[in-house]
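Student: Single-letter residue listing:
Protein chains: 4
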Amino acid sequence: DDPLVIAGRTYRSRLLVGTGKYKDLAETKAAIEASGAEIVTVAIRRTNIGQHADEPNLLDVISPEKYTILPNTAGCYTVADAVRTCQLARELLGGHRLVKLEVLGDEKTLYPDVVATLEAARILVDDGFEVMVYTNDDPVVAKKLEDVGCIAVMPLAAPIGSGLGIRNPYNIRTIVENASVPILVDAGVGTASDAAVAMELGCDGVLMNTAIAEAKNPVLMAEAMKLGVEAGRKAYLAGRMPRRRYASASSPLDGTFF
Amino acid sequence: DDPLVIAGRTYRSRLLVGTGKYKDLAETKAAIEASGAEIVTVAIRRTNIGQHADEPNLLDVISPEKYTILPNTAGCYTVADAVRTCQLARELLGGHRLVKLEVLGDEKTLYPDVVATLEAARILVDDGFEVMVYTNDDPVVAKKLEDVGCIAVMPLAAPIGSGLGIRNPYNIRTIVENASVPILVDAGVGTASDAAVAMELGCDGVLMNTAIAEAKNPVLMAEAMKLGVEAGRKAYLAGRMPRRRYASASSPLDGTFF
Amino acid sequence: DDPLVIAGRTYRSRLLVGTGKYKDLAETKAAIEASGAEIVTVAIRRTNIGQHADEPNLLDVISPEKYTILPNTAGCYTVADAVRTCQLARELLGGHRLVKLEVLGDEKTLYPDVVATLEAARILVDDGFEVMVYTNDDPVVAKKLEDVGCIAVMPLAAPIGSGLGIRNPYNIRTIVENASVPILVDAGVGTASDAAVAMELGCDGVLMNTAIAEAKNPVLMAEAMKLGVEAGRKAYLAGRMPRRRYASASSPLDGTFF
Amino acid sequence: DDPLVIAGRTYRSRLLVGTGKYKDLAETKAAIEASGAEIVTVAIRRTNIGQHADEPNLLDVISPEKYTILPNTAGCYTVADAVRTCQLARELLGGHRLVKLEVLGDEKTLYPDVVATLEAARILVDDGFEVMVYTNDDPVVAKKLEDVGCIAVMPLAAPIGSGLGIRNPYNIRTIVENASVPILVDAGVGTASDAAVAMELGCDGVLMNTAIAEAKNPVLMAEAMKLGVEAGRKAYLAGRMPRRRYASASSPLDGTFF
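Residue numbers (this note's numbering), protein chains in the order written: chain V, 17 to 274; chain Z, 17 to 274; chain A, 17 to 274; chain H, 17 to 274.
Please keep in mind that the hints were generated in silico from the structure rather than gathered at the bench. Among the hints, erroneous ones may be present.
[Claimed, not checked] Straight-line alpha carbon distances no greater than 25 Å define the calculated SDA-like cross-link-like pairs of lysine to any residue that follow: (1) V/K232 with Z/S264; (2) H/K82 with H/E71; (3) Z/K45 with V/G255.
Everything numeric in this text was worked out from a predicted model, so none of it was measured.
Model the full structure from these sequences, guided by the hints.
Tutor: Below is the structure:
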């Protein structure tokens, strides 16, 4: 298995995790360690990574020496807000160029505003950022985001925080087939089998937060997710058996992914 | 996590595997080792475990010292055949009492004949066997099989050799909720996420053969399945987040398992 | 389109309905008329069709002149109870031979006890009844029920009163493919599209009660169900287009029913 | 039931149909009549409605006196092409303002280019057109299209010509909940139950072409679709029963739509 390469750096883990919704920083730290994640995304608008000098700093727990910190623009609903947030992150993190862009379009569903996302992506790429980008599961939009220079495209499985799993595996599969950059499922995973499904569709990785943080036992769920991602990756590489209505069926259900 | 206990013996692995459909005994051995399985099921009617003294013997590769050998009655369509096959296995394996009973009802779908299965189960239990039993996913039938003294009930996820995954998670979940003996999904798993789903429904284990043997790379798929079962088990124990239409939904989709 | 033939009688409607759970007899009558049903099933243990001379009699509203009355054994958990209930119905209805047999196995799920159902079916067929039979969705059990002489086999779509729709279309389709008697989906339909799906799978009819009686507007839902059954029947006969991942796909998803 | 109102005109039928892929104009006419459709969409780039004076003219068969002709921009991949095609249609149809806008983004999936679609919609609205618009199933994009003045929004159920049915009912439902203009599912319906599902989700109508034209018997499938749409509409208005795991469940599966 080739390792995951993001912005020229190599990772063994294909599970990326967020830092929100935990009870406290100790639980955050324990869950993230259990997940085996090497890339940790941080909502700059909600998380102290140095903006507030006298408050607990996430980076004391999730060390940039050990983890790749991936600042994200969660909570931004406009191009300007998203761009400014990335610039703030770059400043706080000493010139850091890797960001995860989200421009939200709807407070209810937290679906992206793909038009604003495309515009913000163009601006950020021009400004020298390495942009991983949250998007819907539309294959045409995904390709446009790749074309403007995003280094990874991150379609949602289902709404952020929903735990509904991969709602449209056909779309995710089509995005993977068309892509020349890594495709990571971002948002909507609820349990370990969802993570495995994402990887079996050929995704390069999965990012999640709520599914771990809101499990009854977040640390144990983090272990489950680690294994689920690995299981799905290996199953994808191993090449699954064809689906058939029954063993004696003369023809498999070719082309049926789901 | 409590270990799996079958017939008084304790197992760390919750993945049980078959031995059919491999290229050769070397591949059988390698795949089974990679799966981490501790219980290996053997179709007595199709596999030489000593019946034919001068042919390759599976037990030379899958040693009864290392593995629990689980003789099964695959290919039996009558009570008499199934009972006789179990008795032959007991003889060949020096008094071995643990068996997996299958009485098939249909050559096309390989669905069980649950009436004959119940009758054979009664006879075998009376004859001192420890009976694990293949059945459909009907909760009432599963309970009857437990009531006649089977030590584990093994509902199908989908037809044997179909790779269709868990067709009716509601039924599997109901069987698990009603049971006082271990419930293991037997048949129909196609890829790692299917195995994870079975475990997330609360099953005690999963048995498979075709999904590993017919993968393009059986050894790698065996590793995937090992991880998938572990992932699903941990996710079940960790207690998944509720499903919601979106994060801001006031009420989760309570009671929605699937 | 050939008409539905049950016990030698010809019906234009393929929707069969129950009489339970309505507000009052007026609503029962209005909903049944709106459904266009010609066969109406009556739970002999719960419905007065003459047992109690001084109480409202369903047959005053649902006239046996206009409808085929189909007595059923809802609420029976043993062979003896089910047989006795059919005999009582025959007496009350003046020698009526057509019955719907249910022998339940579980108060929680209302799944059938298929072993007891088979036994009761044999007894009733020998006693001269024309037996339509409620069963699970196991193709082997369905075939056995046909083989003992049942004139129609009625697999569940999902648990009685659940409204979950066709949980396992593969099973229903296999039952239809194997059958020489009419196959009618009984139980589990929740809305009009569920009824259409049942018919598109090739079923000869659909029986329902709760989905109409517990709709907010039962009469309007009865109309919807009438149309849903007709739509599904016509779609089945018309022969649907193949499924494909997209229009330009070189090969359709052959064999994919669902 | 309120009638469907599009651009100030009232329709009894909620099924809209296309004219492509039929064997000949006679079959086109027969199928469209059987469908009961009152709005017929025409691909201006592929269909002669007067551009070629000496070839068979669709309007001789589908009379604008009887049907509302809905010119569409199928086959357009740029804003300019789509706008020009609408202007050509207006000219050919004597000042006709009602159009269906599609700007495609991908020849493989025929997914829309939603960025170009938004731009074209703005131009067309400004130019006095009444724009019904084909889009993906993203709720944020659907709202934007409404906000620029489209009079109806038409999310895909699945890729054009795929027959895969409603891939993401959550999204379609969210679009319906958010909308102040009619929402019609456009593309992806394969059989009658799919049409019923679209209506049960609260859609105002369904548009289809391939599902009728590529059925083995297009005229019979057109009848099926007519009934499927009516069934789904009535079921939606009737208010379906709640879903439950079984009848005795204390709490229904609230909020579970699918």
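Student: Next, verify each hint and record whether it holds.
Tutor: Each hint, compared with the structure:
| no. | hint | result |
| --- | --- | --- |
| 1 | V/K232 with Z/S264 | 19 Å, holds |
| 2 | H/K82 with H/E71 | 22 Å, holds |
| 3 | Z/K45 with V/G255 | 19 Å, holds |
Of the numbered hints given earlier, the model fails none.
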